[in-house]
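Novice: Here are the chains, one letter per residue:
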Amino acid sequence: MKDMLTIALPKGKLFEDAIPLLQEAGLCTKNLSEDSRKLVIRHEKERLNYIICRPTDIPTFVEYGAADIGIVGKDTIVEQDKDIMELVDLKFGHCRFVVALPETAAKKGRDLTQFNHRRVATKFPKVAESFFAEKGIQVEIIKLHGNIELAPAVGLADMIIDIVSTGRTLKENNLVAVEDIFHATARLIANRVSYRLKHQRIQPVVERIRSLVKDREVTY
Amino acid sequence: MAKDRNLLQIPAGMRDLLPGDARNKRILENKWTDLFTTWGYQEVITPTVEYMDALAVDTGEEIRDDRMFQFFDRQGRILALRPEMTTPIARVVATRLKNSQFPLRLHYAANVFRYDDPQAGRQREIFQAGVELIGAPGPLADAEVIALAVEALRQSGLEDFQISLGQIEVFNGLMEELPLSDEQKAKVRSLVAKKDFVSLEEMLAKDGLCESQAELLLKLPTLHGGREVLVQALPLAVNERARQGLNNLRQVYDALRTYGVEDYVALDLGVLRGFDYYTGIVFEGYTVGLGFPICGGGRYDGLLGQVGFDCPATGFAIGLDRVLLALSRSREPEPVPVPDMLIGGDNTEKIIAVAARLRQEGRSVEIDVLELEEEGLKAYAAQRGIEEVVFYRKSGDDPTEG
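Sequences listed follow chains A and B, in order.
Sequential numbering from 1 applies to the first sequence in full-length UniProt numbering.
Sequential numbering from 1 applies to the second sequence in full-length UniProt numbering.
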């Protein structure tokens, strides 16, 4: 079992960037396709397994050691506080966390301190909490699971914290980003026990991926 | 009246151990107690509840007060359930055993409590067994407890496990050389503890460390393997502190080879935990298929000083639950234990006498207390899987065996 490597890959936009990277790093990527309904892809001869799952579940698979290593966005990692090792910044899948206000409010003045005790809708309550705590602003955080931009339009919240890649969704919903919280990219993560027990298997993969992405620029 | 079903639930993170599990736990505990005893360790038992202040010491697991179960006594003093055993034992040594002949070898098997979010391998009540070797500063003491940890894991029946052995002073020595403020160093330590090497790399690049210094620090977690690591780590010996750390690691590793356990031990300078607590050797144990450590320990020369009795010490704790979990993964589930024999009938005197004799011989014997007839008794025994059934009649007939 020590020679078997299991890699967790996220469905969705990170998947397409992850495959060529793994291929370049010399890993067998045959039969890896998001459309296939297979969730586990085995390469017996190469002693390699892939798990394909929802991005938010990747840290869980890795934390329990069900997967040895995984690829996942920093945006997912920060919200979960899992006990995992974060090894390499893969430089793709860039997005930024922003605070956004309705255009009308933004025009009147962008100072967030005027938003004490207001409501903020977000998929990322931990990020929101630590951001506002640092600013010394007390807010009521409303956790939603999707379409955050809807919340201000119908009066559920006064502002939102969300991840943005192009900014189009914000614009379409008459929202303006008023503050960047931080930038996130995809990360190579590892289970802390696998990293030690399967070091001989994992370390070369990590080294190759690290050298492949070393001189890459983050694509915005 | 039936109770509200909710009242019959148990709090999150707590567990009932039913006969099979309870038996496995007891067997393992006994095995370890016997083992520790043969190595000259003596058991201590400390209270489950202590004053919060006595427990609030930063230990290797980074247990802060917000991770303890706390409550008040009637005088308003804060009490807590012990979150680990090393601090209570340090208190016992510093107060009640300080006039003993040192070194002291103590062991324990106890439940500890942590108010964590129940998640990967984290219950809120945890069973631990471990040892503390107090009053010996040298590498032989560290090697002894590590060899003992290996032996304990081996005797548990785990086949594939590994102890990763590091030395915190190598990291501490490196840190001394970095031109960083205290605040920045605290940040480095917290990133290393969180194992977020991406942010660490970013931070070191941003804070204008020259590349070679940053590289040394980032190289730490990749140094892993056998004796060759000691050579690969030579560039890390940037000052006396780091040099002594490496030297000590070599001495402990050599002693472990003499113990013949080097196949179970990997050198790993990336084992970095409990910065404010460990002062030398640190180690963690892992097994294949379990995503979190099964044991951990190291040298903590500063802890007893904090309770007013300056004294070097080293030790380890094994997570009994985690070892049992790993074992249950690799084994077929064991059947619920049944007694060797069931005795029934209406000749109560005879039954009790025979049962007493057999029990003294070490057999487990159940007496039928439902006053079943012979047929019923046999059927009952068959259902339970009890192989031997004896029925004694008052009339003096010969007993019928099934």
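Don't read these hints as lab results, they were simulated from the structure.
A couple of the hints might just be wrong.
[Unchecked claim] Derived lysine to aspartate or glutamate pairs resembling EDC-like cross-links, with alpha carbons at most 16 angstroms apart:
(1) LYS2/A to GLU159/B
(2) LYS82/A to ASP117/B
(3) LYS194/B to GLU79/A
(4) LYS214/A to GLU211/B
(5) LYS91/A to GLU211/B
(6) LYS194/B to ASP81/A
(7) LYS2/A to GLU202/B
(8) LYS13/A to GLU46/A
(9) LYS185/B to GLU159/B
(10) LYS30/A to GLU46/A
(11) LYS30/A to GLU16/A
(12) LYS123/A to GLU149/A
(13) LYS219/B to GLU207/A
(14) LYS214/A to ASP310/B
(15) LYS171/A to GLU103/A
(16) LYS214/A to GLU201/B
(17) LYS214/A to GLU215/B
(18) LYS30/A to GLU44/A
(19) LYS91/A to GLU16/A
(20) LYS187/B to GLU202/B
(21) LYS195/B to GLU176/B
(22) LYS13/A to GLU44/A
(23) LYS82/A to GLU215/B
(24) LYS2/A to ASP160/B
(25) LYS91/A to ASP301/B
(26) LYS98/B to ASP263/B
(27) LYS195/B to ASP35/A
(28) LYS195/B to GLU46/A
(29) LYS194/B to GLU44/A
(30) LYS126/A to GLU211/B
(31) LYS350/B to GLU375/B
(32) LYS126/A to GLU172/A
[To be verified] Output of the computed footprint for chain A on chain B, the stretches with three or more beta carbons under 8 angstroms from beta carbons of chain A:
(33) 160 to 168
(34) 289 to 297
(35) 331 to 344
Think of the CB as a built atom: it goes at the ideal place given N, C-alpha and C, for glycine as much as any other residue.
Novice: What are the numbers of the hints the structure violates, in ascending order?
Specialist: 5, 7, 8, 9, 14, 21, 22, 23, 25, 26, 27, 28, 29, 30, 31, 32, 35
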